[in-house]
Amino acid sequence: MRIAVPNKGRLHEPTIDLLERAGLHLENGADRKLYADTVDPDVTVLFARAADIPEYVADGAADLGITGFDQVQEARVDTVDELLDLEFGRCRLVLAAPEDGNIESVDDLAGKIVATEFPNITADFFAETGVEPDIVEVTGATELTPHVEMADAIVDITSTGTTLKMNRLAVVDEVLSSSVRLFGREDVVDDPKVEEVRTALSSVKHAEGKRYLMMNVPRERLADVRAVIPGLGGPTVMDIADERGSADADTDTGDGKVAVHAVVDEQDVFETITDVKNAGASDILVTEIERLVE
Numbered sequence: 032m033r034i035a036v037p038n039k040g041r042l043h044e045p046t047i048d049l050l051e052r053a054g055l056h057l058e059n060g061a062d063r064k065l066y067a068d069t070v071d072p073d074v075t076v077l078f079a080r081a082a083d084i085p086e087y088v089a090d091g092a093a094d095l096g097i098t099g100f101d102q103v104q105e106a107r108v109d110t111v112d113e114l115l116d117l118e119f120g121r122c123r124l125v126l127a128a129p130e131d132g133n134i135e136s137v138d139d140l141a142g143k144i145v146a147t148e149f150p151n152i153t154a155d156f157f158a159e160t161g162v163e164p165d166i167v168e169v170t171g172a173t174e175l176t177p178h179v180e181m182a183d184a185i186v187d188i189t190s191t192g193t194t195l196k197m198n199r200l201a202v203v204d205e206v207l208s209s210s211v212r213l214f215g216r217e218d219v220v221d222d223p224k225v226e227e228v229r230t231a232l233s234s235v236k237h238a239e240g241k242r243y244l245m246m247n248v249p250r251e252r253l254a255d256v257r258a259v260i261p262g263l264g265g266p267t268v269m270d271i272a273d274e275r276g277s278a279d280a281d282t283d284t285g286d287g288k289v290a291v292h293a294v295v296d297e298q299d300v301f302e303t304i305t306d307v308k309n310a311g312a313s314d315i316l317v318t319e320i321e322r323l324v325e
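Read left to right, the sequence shown gives residues 32 to 325 (the working numbering).
Hints may be right or wrong, so weigh each one.
[Unchecked claim] Derived lysine to aspartate or glutamate pairs resembling EDC-like cross-links, with alpha carbons at most 16 Å apart:
(1) K64 x E44
(2) K196 x D165
(3) K241 x E325
(4) K143 x E86
(5) K236 x E325
(6) K241 x E297
(7) K241 x E321
(8) K308 x E251
In short, the hints are calculated from the structure, not lab data.
Small disclaimer: the values here were computed from a predicted structure and weren't measured.
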């Protein structure tokens, strides 16, 4: 199983970090190499330009690819399926024009020139609007083209909008919203190894922003504690060694204590600890979660 990942740029490090956290540790590094083995003998990582990864997957050089949704849309490959939104590398492709110009809507660009590094996405966008500008492909410094009279507007990537503002450009419309996704070729998406990789990556994403709470609770206070835990699907209740009585989650009477475990959102931890303590819990422990398989 070959996975193509970005070889450099803003997506490289987050992608490698995600693979590592998912258990696919690279054995011989990623610096200045074309490929790397992983601890799984059936999985190899290939390094390629983010823009080339869709073609790597479509042509069979790789079975899976991790790259931006915008790159897949631009490549216009129809033999790959999206398997998972990895939820990083978020950005937007926007239509922008000079702040002090006369381009205020998409309709104003009929017969005008639009410069972009994404000619296919741009063409699809304007085809949907019915407006027909002259689309010019450029390679870099797209935001400068309106100021040197090469274009009337641009379609370019923005994350924060800072670069557009610095170049006195205003957003006219949003063309595409993008993030990094896991893609697979159609003929391999049902392979058990593909599902194994998808599950591993998904488990890391599900664990982000979650914490694991463990506590001891007097059996007679169990219902009170359960009522204040905002857990995923409710807490797990277990007997404590050397304690007597049933640990049935529906039991709220009897002697001794039970152990209560729950997964909660990180943002809820502070308030939840206070609530469960007031409800009778003790020996409360909070830990991070590396992976969470749902």
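Consistency of the hints with the structure:
Our distance criterion of 16 Å between C-alpha atoms is met by K64 and E44, whose separation comes to about 15 Å. Our distance criterion of 16 Å between C-alpha atoms is broken by K196 and D165, whose separation comes to about 24 Å. A distance of roughly 13 Å separates the Cα atoms of K241 and E325; the hinted pair therefore holds under the 16 Å criterion. For a cut-off of 16 Å, the pair hint linking K143 to E86 is broken: about 31 Å separates their Cα positions.
Only pairs whose Cα atoms come within 16 Å are accepted, and K236 paired with E325 is accepted, the gap being roughly 11 Å. A C-alpha spacing of about 5 Å is found between K241 and E297, which places the hinted pair at or below 16 Å, so the restraint holds. For the given pair, K241 sits about 9 Å from E321 by alpha-carbon distance, which is consistent with the 16 Å threshold. Between K308 and E251 the alpha-carbon distance is near 14 Å, which keeps this suggested pair within the 16 Å criterion.
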